[in-house]
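Residue numbers (numbering that gives the first Met the number 0): 0 to 321.
Fair warning: there could be bad hints in the mix.
[To be verified] Straight-line alpha carbon distances no greater than 30 Å define the calculated DSS-like cross-link-like pairs of lysine-lysine that follow:
#	residue 1	residue 2
1	Lys1	Lys48
2	Lys318	Lys150
3	Lys319	Lys136
4	Lys62	Lys48
5	Lys77	Lys124
6	Lys285	Lys319
7	Lys226	Lys197
8	Lys53	Lys106
9	Lys188	Lys28
10	Lys264	Lys197
11	Lys139	Lys289
12	Lys28	Lys140
13	Lys120	Lys140
14	Lys140	Lys289
15	Lys140	Lys124
16	Lys303	Lys318
17	Lys285	Lys69
18	Lys62	Lys28
19	Lys120	Lys167
20	Lys264	Lys69
21	Lys23	Lys139
22	Lys319	Lys303
23	Lys167	Lys133
24	Lys17	Lys124
25	Lys28	Lys197
26	Lys136	Lys226
27	Lys133	Lys45
28	Lys140	Lys167
29	Lys196	Lys231
30	Lys231	Lys197
31	Lys167	Lys1
32	Lys133	Lys62
33	Lys139	Lys69
34	Lys196	Lys275
35	Lys106	Lys63
36	Lys1	Lys28
37	Lys62	Lys139
38	Lys197	Lys1
39	Lys69	Lys17
Keep in mind that the hints were calculated from the coordinates and are not lab data.
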Amino acid sequence: MKFTFIMPIYNSEDILYKSINSIKNQTYKNWELIAVDDGSTDNTYKELKKIALKDKRIKIYTKKNSGPGKTRNYAMGKATGDYLAFIDSDDYYELDFLENINLILEKENYDLIFINTINEKNSGKIDYCDNIDKYSKCTKKQLIKLQMTGKLPWGPCSKVVKREIAQKCSFSSISVGEEAIYSFDVLEKSETIYFLKKPMYHYVHNDNGQHTRGGLDPWKNVVESIKNHLEKRNLYMEYEDALNTLALNSTIMSAYRISNSLPFKEAYYRIKEKVKEYRVEFDFKKINAKLLSNSSKILCLLLKIHFYFIIIIMSKIRKKFK
């Protein structure tokens, strides 16, 4: 069994060695790494060339900057492995990752394997573990809905995908949530799914990571793109409750960022307008409460009764003590 690692890289000259070493030092050796420099302005590509000279399994490319979504699509087109695994340049794997995955696939050629992730800070301090295997008893439709709302992570790094399925799907070019539609399509096309309980992937939260991007309404483009995707595939009615729930989560995320970025009075009116904006297009009466986190359920109630000032206070307190 051969595996392909997909790694989009942008301005990562100082941190990419840890990520790549976690691949080079895997106990299972039959792999290739497709590392694509996405038009970096530092010495990333030069460093990649040095690394590739020492290991023929590492294949490097460079291209004009186009974002992580299109860069992953480009890399997937170069893949020759039976299965694809994804890694970001600031993250890393446990060294027995592939060994564990291969043992599973020796028993059955699953289409999709979910892996638990370890979320940690730059300092190496463990923040929390995302135990995705808690959803292992769910039906595929339930998994799709959980993933649509972000309760089951969108991110490709928590998945190992059969290449023939992965290459039929693609990432979008939006700046935040480019993986949402890809993850939807991969899961929908997968007939056999496995959950690996042992945490294998270290997701390192950087100050300039995805969680800081997207402005005051980071998920709106994701919601719109998923809605359009569902309509094109005639799946809108089947997943309408999950889409409305995602729109509600998006509103909550926007309210949080507005609260932390603007003075109290301005934040109040901006949140009020943002709620109106979403309600024009999405029906918050037709949501699936099971897809909401406990904190989102509380914030949902506050939005419903227009207690925006409490949301602002809670958000500012949370930011202060985070």
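Going through the hints against the structure:
A distance of roughly 23 Å separates the Cα atoms of lysine 1 and lysine 48; the hinted pair therefore holds under the 30 Å criterion. Distance hint between lysine 318 and lysine 150 is fulfilled; the C-alpha atoms sit about 22 Å from each other, no more than 30 Å. In summary, the hint linking lysine 319 to lysine 136 is not supported, as the alpha carbons are separated by about 38 Å, beyond the 30 Å threshold. Of the pairs offered as hints, the one joining lysine 62 and lysine 48 holds, with about 14 Å between alpha carbons and a cut-off of 30 Å not exceeded.
For the proposed pair lysine 77 and lysine 124, the alpha carbon gap of about 35 Å is over 30 Å, so the pair is violated. Taken as a hint, the lysine 285 and lysine 319 pair is broken in the structure, with Cα atoms around 34 Å apart against an allowance of 30 Å. Our distance criterion of 30 Å between C-alpha atoms is broken by lysine 226 and lysine 197, whose separation comes to about 34 Å. With a CA separation close to 33 Å, the supplied pair lysine 53 and lysine 106 exceeds the 30 Å bound.
For a cut-off of 30 Å, the pair hint linking lysine 188 to lysine 28 stands: about 29 Å separates their Cα positions. Restraint check for lysine 264 and lysine 197: not satisfied, since their Cα atoms lie roughly 47 Å apart, outside the 30 Å limit. With a C-alpha separation of about 15 Å, the suggested pairing of lysine 139 with lysine 289 holds against the 30 Å cut-off. Between lysine 28 and lysine 140 the alpha-carbon distance is near 35 Å, which puts this suggested pair outside the 30 Å criterion.
Between the alpha carbons of lysine 120 and lysine 140 the distance comes to roughly 33 Å, so the proposed pair goes past 30 Å and is violated. The straight-line distance between the Cα atoms of lysine 140 and lysine 289 is roughly 13 Å, inside the 30 Å bound, and the hint therefore holds. Taken as a hint, the lysine 140 and lysine 124 pair is broken in the structure, with Cα atoms around 35 Å apart against an allowance of 30 Å. In summary, the hint linking lysine 303 to lysine 318 is supported, as the alpha carbons are separated by about 23 Å, within the 30 Å threshold.
For a cut-off of 30 Å, the pair hint linking lysine 285 to lysine 69 is broken: about 34 Å separates their Cα positions. In summary, the hint linking lysine 62 to lysine 28 is supported, as the alpha carbons are separated by about 28 Å, within the 30 Å threshold. A hinted pair counts as satisfied when its Cα atoms are at most 30 Å apart, and lysine 120 with lysine 167 does not qualify at roughly 34 Å. For the suggested pair lysine 264 and lysine 69, the alpha carbons sit about 40 Å apart, so the restraint of at most 30 Å is broken.
Straight-line distance between C-alpha atoms of lysine 23 and lysine 139 comes to about 34 Å, which puts the hinted pair past the 30 Å bound. Between lysine 319 and lysine 303 the alpha-carbon distance is near 26 Å, which keeps this suggested pair within the 30 Å criterion. Between lysine 167 and lysine 133, the direct Cα distance comes to roughly 28 Å. Compliance with the 30 Å bound is thereby established for this hinted pair. Of the supplied pair hints, the one linking lysine 17 and lysine 124 holds, its CA atoms being roughly 16 Å apart against a limit of 30 Å.
For a cut-off of 30 Å, the pair hint linking lysine 28 to lysine 197 stands: about 20 Å separates their Cα positions. Simply put, lysine 136 and lysine 226 have alpha-carbon atoms about 27 Å apart, close enough for the 30 Å limit, and the pair holds. Restraint check for lysine 133 and lysine 45: the C-alpha separation of about 42 Å exceeds 30 Å, so the hint is violated. Between lysine 140 and lysine 167, the direct Cα distance comes to roughly 20 Å. Compliance with the 30 Å bound is thereby established for this hinted pair.
Proximity of lysine 196 to lysine 231 is assessed by CA-CA distance (about 35 Å); at most 30 Å being required, the pair is judged violated. Among the hinted pairs, lysine 231 with lysine 197 is inconsistent with the structure: their alpha-carbon atoms are about 37 Å apart, more than 30 Å. Only pairs whose Cα atoms come within 30 Å are accepted, and lysine 167 paired with lysine 1 is accepted, the gap being roughly 19 Å. About 39 Å separates the Cα atoms of lysine 133 and lysine 62, which puts this hinted pair outside 30 Å; it is violated.
Taken as a hint, the lysine 139 and lysine 69 pair is honoured in the structure, with Cα atoms around 27 Å apart against an allowance of 30 Å. Distance hint between lysine 196 and lysine 275 is unfulfilled; the C-alpha atoms sit about 42 Å from each other, more than 30 Å. Between lysine 106 and lysine 63, the direct Cα distance comes to roughly 41 Å. Violation of the 30 Å bound is thereby established for this hinted pair. Restraint check: the Cα-Cα separation between lysine 1 and lysine 28 comes to about 9 Å, which is no more than 30 Å; the hinted pair holds.
Only pairs whose Cα atoms come within 30 Å are accepted, and lysine 62 paired with lysine 139 is rejected, the gap being roughly 37 Å. With a C-alpha separation of about 21 Å, the suggested pair lysine 197 and lysine 1 falls inside the 30 Å cut-off, and the hint holds. The suggested pairing of lysine 69 with lysine 17 holds, with an alpha-carbon distance near 24 Å, which does not exceed 30 Å.
In summary, the numbered hints that this structure violates are 3, 5, 6, 7, 8, 10, 12, 13, 15, 17, 19, 20, 21, 27, 29, 30, 32, 34, 35 and 37.
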